[in-house]
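Residue numbers (the working numbering), protein chains in the order written: chain W, 1 to 433; chain Z, 434 to 727; chain X, 728 to 1009.
Worth double-checking, as some hints may not be accurate.
Stated by the list, open to error - The calculated EDC-like cross-link candidates involving lysine to aspartate or glutamate, where the alpha carbons are at most 20 Å apart (straight line), are: (1) W:K392 x Z:D619; (2) W:K385 x W:E375; (3) W:K402 x Z:D609.
If you are wondering where the hints come from, they were derived from the structure by calculation, not from laboratory data.
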Amino acid sequence: MNNNITLKKQTKTILSIAAIAAILVLVYLTDDMGGNPMLITVIEKGAVYALVAASMNLLNGFTGLFSLGQAGFMLIGAYSYAIFTIPKNSHAAVYQYFDGGAIQWSIVEILESKMGIFGHYLGMLIPMIFAGLFVALIAYLIGIPVLRLKSDYLAIATLGFAEILRAFFQWNTLGPITNASNVLRKYTVYNNAVFPVIIAGLCIAFIVLLINSTYGRAFRAIRDDEIAAEAMGVNLFKHKELAFVISSFFAGIGGALLAMFQTTINATPFATTMTYEILLMVVIGGIGSITGSVIAAFLFTACSEWWLRGLDSGTWLGITSPLFRAGFRKVVFAVIIMLIVLFAAQGIMGTKEFSWDGFINWFRNLPANLKAWPEKHKAKSEAKKNEKAAVKAAKIKAKEDKKNSEAKRASGEKLFTPLETFDHVVVFDKEGK
Amino acid sequence: MGILQTWLPYILAGIAVGGQYALIAIGYTMVYGILRLINFAHGDVFMWSGLLMIYLITVLPLWLAIIIVIAFAIVLGTTIEKVAYRPLRSAPRMSIMISAIGVSYFLQNIALYVTGGLTKTYPNIGFLQKTVKIGSATTKMVTLITPILTIVLVVLLVLLIKKTKIGMAMRAVSRDFETSSLMGIDINRVITVTFVIGCGLAAIGSVLYFSNYTGINPMSGAMPGLKAFVAAVFGGIGSVPGAVVGAFVIGICENLIKGAGWTTFSDAFTFVLLIIILMVKPTGLFGEKNIDKV
Amino acid sequence: MADREVVLKLSDVTMQFGGVVAVDNLNLEVHKNEIVGLIGPNGAGKTTAFNVITGVYEPTNGNVEINGDVVIENYPQGKMTDTYKGRNQGVYTEVKTMLPDAVTKLGVARTFQNIRLFKGMTVLENVLVAMHMNQKQSIFGAAFRSPLARKEEAAMREEALELLKKVDLYENKDDLSTSLPYGKQRHLEIARALATHPTILLLDEPAAGMNPQESDDLMKFIGRIRDEFDLSILMIEHHMQVIMGICEHIYVLNYGGQIADGTPEEIQANPAVIEAYLGGDE
Chain W
1 MNNNITLKKQ TKTILSIAAI AAILVLVYLT DDMGGNPMLI TVIEKGAVYA
51 LVAASMNLLN GFTGLFSLGQ AGFMLIGAYS YAIFTIPKNS HAAVYQYFDG
101 GAIQWSIVEI LESKMGIFGH YLGMLIPMIF AGLFVALIAY LIGIPVLRLK
151 SDYLAIATLG FAEILRAFFQ WNTLGPITNA SNVLRKYTVY NNAVFPVIIA
201 GLCIAFIVLL INSTYGRAFR AIRDDEIAAE AMGVNLFKHK ELAFVISSFF
251 AGIGGALLAM FQTTINATPF ATTMTYEILL MVVIGGIGSI TGSVIAAFLF
301 TACSEWWLRG LDSGTWLGIT SPLFRAGFRK VVFAVIIMLI VLFAAQGIMG
351 TKEFSWDGFI NWFRNLPANL KAWPEKHKAK SEAKKNEKAA VKAAKIKAKE
401 DKKNSEAKRA SGEKLFTPLE TFDHVVVFDK EGK
Chain Z
434 MGILQTWLPY ILAGIAVGGQ YALIAIGYTM VYGILRLINF AHGDVFMWSG
484 LLMIYLITVL PLWLAIIIVI AFAIVLGTTI EKVAYRPLRS APRMSIMISA
534 IGVSYFLQNI ALYVTGGLTK TYPNIGFLQK TVKIGSATTK MVTLITPILT
584 IVLVVLLVLL IKKTKIGMAM RAVSRDFETS SLMGIDINRV ITVTFVIGCG
634 LAAIGSVLYF SNYTGINPMS GAMPGLKAFV AAVFGGIGSV PGAVVGAFVI
684 GICENLIKGA GWTTFSDAFT FVLLIIILMV KPTGLFGEKN IDKV
Chain X
728 MADREVVLKL SDVTMQFGGV VAVDNLNLEV HKNEIVGLIG PNGAGKTTAF
778 NVITGVYEPT NGNVEINGDV VIENYPQGKM TDTYKGRNQG VYTEVKTMLP
828 DAVTKLGVAR TFQNIRLFKG MTVLENVLVA MHMNQKQSIF GAAFRSPLAR
878 KEEAAMREEA LELLKKVDLY ENKDDLSTSL PYGKQRHLEI ARALATHPTI
928 LLLDEPAAGM NPQESDDLMK FIGRIRDEFD LSILMIEHHM QVIMGICEHI
978 YVLNYGGQIA DGTPEEIQAN PAVIEAYLGG DE
C-alpha cells in the first residue's frame, strides 16, 4: 500500500532551483511581452499579499499572537518608501499644497546619477529596506506595552495602533512629508512583475528558514503553551518581540511593494478591512502553513481581481443576471470565506508545508485515492450518522436518567454509594485524575 | 463663564455620543463577559440597524420602523451567534475571533452591495432634531434624550441582571462557564438572551447615533464599534456600569479634543486611552482580577 | 543528610490571594541529591508552592533561596499590609522577583500536574525547545544557517536523541507529542525538563493516573535519573506507595499550612498527618 517515494536531497535542490528559475523567467517574459494584464496584476498583487500574509502567519499562526496591526505597518512601509523616491522634478506637483514638500531629493535619482542602472535598483532597495527597518522600530516600541497583554486585548490594541498611525499620517502638520490626506504619486516603481516576485520570494524564504530554526521552535512553543514555554527557559517577552518585530519588518517591505504596485498611495485604504482580508488569506491557506498563505494570497487576488470580476459587471461565466452589479463579487467572496471558517477551519494546507516528496506522492496516489473516495465518503457519512444517532440516544438517556433519579429521590432512595464501601486507598487518592 | 460657554456645546455633544457608545458597549461587554469573545460583528449589526431604518422609514410610520429595526437587530445578532459562534464553542479562542471577523467582513460587504458603496442619508426623525436651548448652548433634542434614555435602559438592565433568574444565570455563566453548565444552567439560552439584549440596545443606539450624523456607509459601524469596545475595556470588561462610564468618558474626551481643534486625532485618542488603561490597570475601572490557573 | 549542602530553601513562604492564604508560612529544604516529597490533601497549596519557586507567582511574604542565593523575596505591601493574614510580617524587607524562564536558567526545571506538552510539535521538538535557552546563535544566524547555528543544531539534536533513548521515547521521536499514550506523555514531560540541564527538578504529581505497576516503574525511573543526572528532586505526589518508597524526607501541607515533616517512617506515624488525610472526629 505504501508506495510513497522519497527523493534524494540533491534531486530536491535541483528541482527547486529549476522550478524557481522557470517561474522567474515565465513571469519576466509574460510581463515583458505584454501578457494578459489581469494575470500580471494577479502576479504582482498576489506576490505582495503572499509576503504580507506569510508575515502575519508568522505572528498569528506560529507564535500565537493574535495581532491585527498589519495594515498599519504596511501603511508606514508604503509611505517610507514613497517619500524618498519621488523624483526631484515631481515634488512641486505632488506636494502642491505644501510648497513642494520638505524633502527635495530622491535616493533613486542620486544613486542612478552615480552608478547608472545598478544605482537605480539600489536606490529602490535602500528605501525599501529602510521602510522595513523603520516599521520594525515602530513595532518594537509598540510591542513594549502591547505584547504583555492577553491575546484578545492584543488584537484590539494592535488594531487601535493601526488606526492611530493612520490618523497620524493624515495629519496636516506632517503634510510637507506625508502630503497629509492627499495622495503620494510619481515615486519610482518597478518596471517588471518579476521584481515584486523576487523580493517577496526572498522574504518568504527567510520566514520559512526562521520558522525551521531553533527560534521558530521557541515561537511555536509559545503558541502551544506559554506557561510551559516559559518553564522551559523561553523568555516570553523577548521572543514575542522578536516575532512581532520581524513580522512587522516584512509587513513594511510588503507595504513598500504595494505602494509600487499601486503607483499612488493614500492612507485611507490601509484600514481594518485590509487587515481583515490579510487575516482571511491566512485562514484560507491554513493557520500555521506558509505554503498555505502563499497559495491563498494568489487565489484571493486571482478571484477578486480576475476570475470573479464578472460578478460585478453583469455577466459571469456566460450567466447574465441583474444581481451581478458592483459589490456582488465581494458578497460571494465573503460567503466563501464564512464557509471555510465554519466548515473547513483547517484551510487549504492545515499546518502542512510544501515538499517535493509530498507533491510527487500526492499526484502518484491521486488515482488510487480517487478510486477509494466513494467508499471513504460513504464510511465517513455513515460514521457521522452513527455519531448523530449516538448523541441522540445519549440525550434521550440523560433525560430518562434525570427523570428516574428525580423519581428515586422523591421516593427517598439514596443516590450515592455510602462512603464505607471504599477502602482507605481511595481516600488517599481523592485528587486522582 | 466664558470658558463654559465655549466648551458647553462640546461637553453636551460628548455626553450624547457617550450615551450612544454606551448602548453599543453593553453588547460588547456582556458578550465578552460570557463568551470571552470580542464580537467584531457587533459594530456591523449596529450599522445594519441604521441602514434598515433608511429603507423602512420610506414606507412605514416611525414607531413601527423603530420596532422593526430593533427586532431585526435582535434576529440578526442571535442568528450570527447560532451560525457563526455556537458551532465553534469548543474550538480555540482564535477560531471564534476569526469567525467574528469573517462575519464582520460579510456584513460590511453585503452593505456595500446593497448601498452600492454610496453614503445613504439617514432620515430626519422630527422630534429628535428639534433644537433646544440649554443655558447658552443650542443643541438638538437627541442630545438631551440620549443620556436620559441610556441611563433608564441601563438601570433596567442592571435590575434585570441583579434581580431576575435569567440575570442570575448570566452572572453565574460569566463567572464560570463550565461549572454553571454542569449545574444545569441552559448555557445556550443565556447566551441567546445576552445577544438579544446587546443587539436590541445597539439598535436603539443606532437610531440616536445616526440622527446626529448625515449619512451611513458600510464602514460606519466599525469605528463606533471599536470605540464602544474600548469603552467596555476601560470600564472593566464584563461590567455593565463600567462600560457605560467608559463610554461617557470616551464620548466627552473625544468631543473636547475636537473642540481643541485636533479633530484628526479624536479617533486616535480612544486607542491611546485603551493602551494606557491596559498598561496601568488591565482589568479596567470595575473589572475583577483573574488569576490564571497553572 | 545534614552534611549535604542545601540547594533549595523556602523560608516562611506565604502566598495569599485576596483573602485566601494558599500557602501559609512554608519552610522547606532540599539537599543535594535528595528526593523530597511534598504531600497533602487537595487544595493544600502544593502546586502553589511550586508556582512560587518557579516564579509564576510572587509570594506575599518570605523568600526562596536557590543554591545559596536568595532569588525571590517579598513582603506584604500596599493594601496587603493591612489584609495580610500570615505570620512573620516585617521579617522580610526586600523585593526580588524572577520570571519563570530566569528560574529555569538557574537550574530549576519542572513538570506540570495537568500535562503541558507542546501540542503541535513532535516528541523530539518538545525536547529541543527546552534546549533553546542555552543556544548562542543569534536569530539571524539561525535563519541564515550560519556555521555556528548548524553546529549547535546538530549538537542539540544529538543530545536530544540521546536523552530520548534514556527515557525510552526514541522510537516515538517523530510522533506528535499528544499522540503518545498517557504514561509516555509523563515521561516526555520529565525528559523535556531534563533537557534544560537542571540541578533541581520539581515534579508535580508524576504518577497521577498511573496503576501500581506503572507507578512502581516510575519510582525506579525517578531514582535512576536522580543518579544519572546528579539531581535534587522535590516532588508532589498522592500515591503514598511512591512517596514512601522513594522520598528521603517528606513535608506535609494542609490548608496551606505545614503540619509535619520528617522521614517516611515519621510521617506515617504522625497523628496530625493521619488526621489531615482521614479526617479526625470533629
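Structure-based check of each hint:
{"no.": "1", "hint": "W:K392 x Z:D619", "verdict": "holds, 18 Å"}
{"no.": "2", "hint": "W:K385 x W:E375", "verdict": "holds, 15 Å"}
{"no.": "3", "hint": "W:K402 x Z:D609", "verdict": "violated, 23 Å"}
Consistency note: the structure conflicts with earlier hint 3 alone.
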